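All letters in the sequence shown, in the order written, are residues 1 to 404 by the numbering used here.
No lab work stands behind these hints: they were computed from the structure. Treat each hint with caution, since some may be false.
[Said to hold, decoys possible] With a Cα cut of at most 30 Å, we get these calculated DSS-like pairs of lysine-lysine:
# : residue 1 : residue 2
1 : 141       : 59
2 : 141       : 98
3 : 63        : 98
4 : 63        : 163
5 : 37        : 59
6 : 141       : 357
7 : 141       : 163
8 : 141       : 63
9 : 59        : 163
[Claimed, not checked] Here are the simulated distance ranges between beta carbons:
#  : residue 1 : residue 2 : range
10 : 394       : 288       : 34 to 44 Å
11 : 139       : 275       : 35 to 45 Å
12 : 290       : 381       : 21 to 31 Å
13 : 13        : 75        : 14 to 24 Å
14 : 106       : 9         : 32 to 42 Å
15 : 53        : 255       : 50 to 60 Å
16 : 318       : 53        : 39 to 49 Å
17 : 9         : 50        : 12 to 22 Å
18 : 162       : 100       : 14 to 24 Å
Predicted model only: the values in this text are computed from it and were never measured. C-beta: ideal position from N, C-alpha, C; glycine also.
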Amino acid sequence: MDAANTTVASGSPVGNNSQVDQTLCLSNANGSCYTLKLTDSFGDGITGGGWELRTTDGKTILKDTFSGGAVSPGNPPVTATYGSGHPFCLPLGTASLKSNECGLFNNTLNSRVYANVVPGATQYEFQFLDPDAGYVRSVVKNTNSVLFIDFGGPVNALVPGNKYFVRVRTDAGGPLASANYGPGCEMGLASVGVVRCTQLINAPSYGHSCNETRAFGSSASSFIYATPVLGANAYTFHIYIPGEPTALDTTITRGTYILQLKWPGRPMANGSTYNVDVKTTVNGIQSNYCLPYCTISINNSYTGLINEFAPMEDLFSGDVQLWPNPVADGRVNLAMNGLVDADQRIGLELYDMFGKKVLAREYGNSGSSFSTVLELPSEVTSGVYLVHLTVNGITTVQRLSVVR
Numbered sequence: 001m002d003a004a005n006t007t008v009a010s011g012s013p014v015g016n017n018s019q020v021d022q023t024l025c026l027s028n029a030n031g032s033c034y035t036l037k038l039t040d041s042f043g044d045g046i047t048g049g050g051w052e053l054r055t056t057d058g059k060t061i062l063k064d065t066f067s068g069g070a071v072s073p074g075n076p077p078v079t080a081t082y083g084s085g086h087p088f089c090l091p092l093g094t095a096s097l098k099s100n101e102c103g104l105f106n107n108t109l110n111s112r113v114y115a116n117v118v119p120g121a122t123q124y125e126f127q128f129l130d131p132d133a134g135y136v137r138s139v140v141k142n143t144n145s146v147l148f149i150d151f152g153g154p155v156n157a158l159v160p161g162n163k164y165f166v167r168v169r170t171d172a173g174g175p176l177a178s179a180n181y182g183p184g185c186e187m188g189l190a191s192v193g194v195v196r197c198t199q200l201i202n203a204p205s206y207g208h209s210c211n212e213t214r215a216f217g218s219s220a221s222s223f224i225y226a227t228p229v230l231g232a233n234a235y236t237f238h239i240y241i242p243g244e245p246t247a248l249d250t251t252i253t254r255g256t257y258i259l260q261l262k263w264p265g266r267p268m269a270n271g272s273t274y275n276v277d278v279k280t281t282v283n284g285i286q287s288n289y290c291l292p293y294c295t296i297s298i299n300n301s302y303t304g305l306i307n308e309f310a311p312m313e314d315l316f317s318g319d320v321q322l323w324p325n326p327v328a329d330g331r332v333n334l335a336m337n338g339l340v341d342a343d344q345r346i347g348l349e350l351y352d353m354f355g356k357k358v359l360a361r362e363y364g365n366s367g368s369s370f371s372t373v374l375e376l377p378s379e380v381t382s383g384v385y386l387v388h389l390t391v392n393g394i395t396t397v398q399r400l401s402v403v404r
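Please put together the full structure from these sequences, using the hints given.
Right under this line is the structure:
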């Protein structure tokens, strides 16, 4: 189909257990951008095969397996903006991936994907697609490489074990949004080894919580900290006393590696010692609980953390997201929702755990939401930092972990 939704070419039905190659001439009367749609009358896709769209000189435009279902892309697509056909434009752009990136499916979140350098380019847009599923995710970088973790976050993240078709375009010939993608190839995250074990932090590191004492319900002395895991968007804490079935046994999941021992209902008993196990979720894949477990003893008169880990109280009622958290390459996404005032002055300050300010930014904004990307300077080394966000005089504080 072309941009006017007119069919410009179609293939004849394909027989079983055979490779069929068809060369098609596409009209450009309505522009040179198109979509490709595949259908299967039996509803089981192409068993043991696949499809590939190439230029006449052999460059791969798109490909996938179509391993099941009656239509590719799926209906509805995983990403709503994908549409009802596989999108591509001709002629292909000049940007391409380095050949040694292709066919690698054991990547980790810290693995980097490199494009060939395009002279004159100041922006590279990397696009990951799962064509049959109708999934697409793009990230723009000012260099010729991108990390897999850049495609993480709370929404539309890459899934370990999935195969993705990857292509790239640049602004070398004009605006990035109107550039054509170059040829691509397949790659993916490893299905195992992406999610590693974690546990409560040991002393003397900041946040040390393993084999220590806390006061249940305290405003300052009830926080426990797990060791942050790169790319994790959920931490599950299992708190229990082994061999005592009538004792508290609870499992709590949070979107951060910090848990406050404070909740409605049955409390942790004063004078008791509990085991704590932690597991994480990265891009929908969950780790196991990891040994050895840690213990937390409850002493409700305990005040040892008031100065060290005092929580930040604020009146901010909106939602704040920082991702990836931990961050590995110094590039942090910030999103704020639920902003009340029509116009806002937003201030951002980043402090290390010694109270030194290492970054300050100011923004103007209108509307109920705000987003930006922070480029952390090189002096922001590995560690835990406090992000102070002030919206028209109201401040909220978030914690950010940096892994260099």
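Hints and how they fare:
no.	hint	verdict
1	141 x 59	holds, 24 Å
2	141 x 98	holds, 16 Å
3	63 x 98	holds, 18 Å
4	63 x 163	holds, 11 Å
5	37 x 59	holds, 19 Å
6	141 x 357	holds, 27 Å
7	141 x 163	holds, 22 Å
8	141 x 63	holds, 24 Å
9	59 x 163	holds, 19 Å
10	394 x 288: 34 to 44 Å	holds, 41 Å
11	139 x 275: 35 to 45 Å	holds, 40 Å
12	290 x 381: 21 to 31 Å	holds, 26 Å
13	13 x 75: 14 to 24 Å	holds, 20 Å
14	106 x 9: 32 to 42 Å	holds, 37 Å
15	53 x 255: 50 to 60 Å	violated, 39 Å
16	318 x 53: 39 to 49 Å	holds, 44 Å
17	9 x 50: 12 to 22 Å	holds, 20 Å
18	162 x 100: 14 to 24 Å	holds, 21 Å
The structure fails to meet hint 15 from the earlier list, while all remaining hints are met.
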